[in-house]
Amino acid sequence: MGKEDLQPAIVQFAPLDKLLALGRANSLWPMTFGLACCAIEMMAAGAARFDLARFGAEVFRPSPRQCDVMIVAGTISKKMAPAVQTLYDQMPEPKWVIAMGNCAISGGPFVFEGQYGIVEGADKLFPVDIFIPGCPPRPEALIEGILELEERVTGYRRWPRVEAV
Amino acid sequence: MSDLARSQNQETFVLNLGPQHPATHGVLRVKLTMDGEYIAEAEPVLGYVHRMHEKMGENRTWAQFMPNTARLDYLGALSYNHGYVKIVEQAMGIEVPERAEYLRVITVELNRIASHLLWFGAFVLDLGGFTPLLYAFDDREHILDLLESVTGARLTFCYFRFGGLYNDIDDDFITGSRAFIKRLRKRMPEYHDLVTKNVILITRLKDIGILPAEMCRKYGATGPVLRGSGVNYDVRKNEPYSVYPELDFDVPVYSECDSMARYMVRMDEMEQSMRIIEQALDKLPAGPIMPEKVPRMLKPEPGDYYSAVEAPRGTFGVRVVSDGTNKAYRLKLRSPTFSNLSLFGEASQGMLLADALALMGSLDLVIPEIDR
Amino acid sequence: MIADLKSEFAPLAPVAIIETDYQVKGYHLDVEVGAGQVVAVAELLDRRGFFLESITGVDWLGKTPIANQVEAAGEPAAVADSEADAQDGAAEKSAEQMEVVYDYNHTGGELCRVVVRCRLERVKPEIPTICQLIPGANWHERETHDFFGIKFLGHPDLSPLLLPEDADFHPLLKDFKV
Numbered sequence: 520m521g522k523e524d525l526q527p528a529i530v531q532f533a534p535l536d537k538l539l540a541l542g543r544a545n546s547l548w549p550m551t552f553g554l555a556c557c558a559i560e561m562m563a564a565g566a567a568r569f570d571l572a573r574f575g576a577e578v579f580r581p582s583p584r585q586c587d588v589m590i591v592a593g594t595i596s597k598k599m600a601p602a603v604q605t606l607y608d609q610m611p612e613p614k615w616v617i618a619m620g621n622c623a624i625s626g627g628p629f630v631f632e633g634q635y636g637i638v639e640g641a642d643k644l645f646p647v648d649i650f651i652p653g654c655p656p657r658p659e660a661l662i663e664g665i666l667e668l669e670e671r672v673t674g675y676r677r678w679p680r681v682e683a684v
Numbered sequence: 581m582s583d584l585a586r587s588q589n590q591e592t593f594v595l596n597l598g599p600q601h602p603a604t605h606g607v608l609r610v611k612l613t614m615d616g617e618y619i620a621e622a623e624p625v626l627g628y629v630h631r632m633h634e635k636m637g638e639n640r641t642w643a644q645f646m647p648n649t650a651r652l653d654y655l656g657a658l659s660y661n662h663g664y665v666k667i668v669e670q671a672m673g674i675e676v677p678e679r680a681e682y683l684r685v686i687t688v689e690l691n692r693i694a695s696h697l698l699w700f701g702a703f704v705l706d707l708g709g710f711t712p713l714l715y716a717f718d719d720r721e722h723i724l725d726l727l728e729s730v731t732g733a734r735l736t737f738c739y740f741r742f743g744g745l746y747n748d749i750d751d752d753f754i755t756g757s758r759a760f761i762k763r764l765r766k767r768m769p770e771y772h773d774l775v776t777k778n779v780i781l782i783t784r785l786k787d788i789g790i791l792p793a794e795m796c797r798k799y800g801a802t803g804p805v806l807r808g809s810g811v812n813y814d815v816r817k818n819e820p821y822s823v824y825p826e827l828d829f830d831v832p833v834y835s836e837c838d839s840m841a842r843y844m845v846r847m848d849e850m851e852q853s854m855r856i857i858e859q860a861l862d863k864l865p866a867g868p869i870m871p872e873k874v875p876r877m878l879k880p881e882p883g884d885y886y887s888a889v890e891a892p893r894g895t896f897g898v899r900v901v902s903d904g905t906n907k908a909y910r911l912k913l914r915s916p917t918f919s920n921l922s923l924f925g926e927a928s929q930g931m932l933l934a935d936a937l938a939l940m941g942s943l944d945l946v947i948p949e950i951d952r
Numbered sequence: 004m005i006a007d008l009k010s011e012f013a014p015l016a017p018v019a020i021i022e023t024d025y026q027v028k029g030y031h032l033d034v035e036v037g038a039g040q041v042v043a044v045a046e047l048l049d050r051r052g053f054f055l056e057s058i059t060g061v062d063w064l065g066k067t068p069i070a071n072q073v074e075a076a077g078e079p080a081a082v083a084d085s086e087a088d089a090q091d092g093a094a095e096k097s098a099e100q101m102e103v104v105y106d107y108n109h110t111g112g113e114l115c116r117v118v119v120r121c122r123l124e125r126v127k128p129e130i131p132t133i134c135q136l137i138p139g140a141n142w143h144e145r146e147t148h149d150f151f152g153i154k155f156l157g158h159p160d161l162s163p164l165l166l167p168e169d170a171d172f173h174p175l176l177k178d179f180k181v
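Chains as they are written, first to last, in my numbering: chain A, 520 to 684; chain B, 581 to 952; chain C, 4 to 181.
Bear in mind the hints are in silico, worked out from the structure with no lab data behind them.
Nothing false has been slipped in among the hints.
Straight-line alpha carbon distances no greater than 30 Å define the calculated DSS-like cross-link-like pairs of lysine-lysine that follow:
| hint | chain 1 | residue 1 | chain 2 | residue 2 |
| --- | --- | --- | --- | --- |
| 1 | B | Lys798 | C | Lys154 |
| 2 | C | Lys9 | B | Lys798 |
| 3 | B | Lys798 | B | Lys817 |
| 4 | A | Lys597 | C | Lys180 |
| 5 | B | Lys873 | B | Lys863 |
| 6 | B | Lys786 | B | Lys817 |
| 7 | C | Lys28 | B | Lys817 |
| 8 | B | Lys873 | C | Lys28 |
| 9 | C | Lys154 | B | Lys907 |
Produce the entire structure from the sequences given, and follow the hints as far as they go.
Below is the structure:
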């Protein structure tokens with residue numbers, strides 16, 4: 520049979536998905552979850568000067584059930600790892616993870632031969648979407664990370680990219 | 581039903597606060613045994629961000645350990661820089677140029693204000709007021725700008741060097757600091773109008789969370805917690821170091837022992853820090869910021885050394901055992917909040933949960949510094 | 004203050020009691036006692052209004068403990084003893100030591116920091132707890148147990164404080180391997 524006879528479906532899922540993705544990307548709900556130093560820069564990103572609300576990602580929720588982004592801001596110790604894993608598991612799909620700072624990326628400055636206490640990177644526990652380097656990263660870097668994540672979700676960049684001077 | 585339960589003495593239950601809870605300022609966990617809304621027993625569980633600083637102290641050279649000090653207590657990083665360089669200078673007999681000492685005091689006090697501002701915002705946030713946090717962060721950003729211009733970092737400063745500093749300040753820093761103090765002097769009355777005189781805040785803090793001076797002594801509590809219990813103890817005065825003896829400032833002491841007293845101590849300390857900075861800027865001598873000769877290889881004489889500084893949260897002590905090599909044989913970090921938190925179990929007994937959280941907020945906890 | 008303390012410590016028969024140079028060392032008085040005296044010393048200092056700043060350990064694996072030299076003649080010199088042991092190859096293993104260090108300070112009046120130290124056999128590091136007397140010692144002792152495996156006899160709960168709940172290692176021992 521020829522394809523030309525087929526009528527398009529009444530309910531089109533792909534455009535709906537696009538719409539949903541647009542909605543999600545523009546109102547990411549991160550989890551209020553600070554592990555160490557980076558959490559302060561995360562707070563700074565949400566506070567007066569940097570104002571994460573401009574990008575729709577200011578609704579920090581203390582409960583993982585209400586979040587779709589987990590910002591791993593700090594060192595994951597072996598004692599904390601099961602709790603971090605639980606929090607990740609408790610988040611409803613779809614969900615994304617941002618590893619903020621060197622500790623969450625690789626263990627950062629606390630990796631040495633014979634280290635006994637930390638998990639060397641959040642990606643040892645669950646998949647990570649965005650890595651933001653820095654010790655700690657500046658709030659601008661976190662914002663850029665969130666914009667990068669938006670691009671991941673929708674497939675296009677909503678805000679112009681800032682070129683290095 | 582509830583009468584029956586009570587008669588069978590089954591009304592206590594265990595409530596797990598943290599390690600992921602916004603009121604615990606990070607990853608502290610408190611195992612609470614609750615009798616209804618009242619705390620029957622509270623047991624803090626630590627170690628969720630234990631980062632092996634003391635082990636690292638043993639396998640890195642003296643200079644390589646410097647950045648770790650900033651990550652201990654990231655809110656008062658420069659005080660921790662100071663405590664660490666001080667002990668090595670003391671053990672090696674390194675003379676610090678006067679200009680460097682003045683700049684240390686200026687930057688440490690700026691850092692102290694930044695730390696107290698953040699505490700102020702977060703503490704009121706714990707009590708349910710969101711707006712002051714935004715005010716406090718607004719002011720804090722100005723300090724971070726200043727410190728960034730000389731140290732290169734916003735939070736985890738590694739500015740001090742054995743014998744001096746990494747970088748000298750410029751005129752912009754001086755004018756900027758003066759402008760900031762002028763700005764904060766105007767803001768403080770606003771803070772007092774907005775928060776201190778707020779009747780809800782007063783009701784939540786006054787006569788609640790009593791920590792008698794004797795309890796503070798038994799638990800080794802220091803800093804604003806101790807000064808809020810009527811004990812006039814400040815390492816900057818009692819055990820003078822750097823150029824603090826040349827500067828005129830008061831140590832705020834409140835004897836009410838309640839959460840309000842600790843709140844007031846920190847608010848007043850910000851004003852005193854501003855006084856210190858102003859005087860230090862006036863007196864700032866010209867000259868080098870590093871001594872002419874600093875040994876390239878640091879090898880303190882074998883022996884043990886102790887040194888303490890007044891960090892924003894209390895007495896930060898370093899105990900070092902040197903075996904005469906370029907690494908510490910043992911490096912013990914005495915963190916103030918570790919001792920300050922240890923009294924929480926006893927102090928919170930019989931308190932309402934909500935009040936105990938206010939008490940915890942008034943202790944000004946930084947968890948990575950407790951866990952080290 | 005220091006002279007007073009020295010005379011008060013005398014009846015407790017400390018192993019060594021040394022006045023140190025505060026400008027270099029950062030403390031005024033170094034008191035070395037046997038494990039049996041730790042509680043009595045804590046009680047004495049507590050009565051004098053001191054507070055406990057910290058407790059920690061030092062592992063002297065294969066090393067002669069570094070200590071302040073006793074200046075006054077006639078006092079028993081612990082350092083000389085252990086040096087002699089260290090030179091004696093056969094006795095070396097049994098002479099391996101650990102140290103528990105208590106830092107005391109007080110808040111009012113004349114500045115006086117007192118360091119109390121106690122040497123323990125490395126094979127069986129046990130020392131009485133002082134946490135019944137000074138509740139703040141509870142966590143410090145638990146932490147020292149975490150890091151060095153030093154047992155504080157009579158301590159209500161020596162479960163890991165900073166290490167994971169099921170930790171069975173003591174990371175600050177010099178022979179610790181992951």
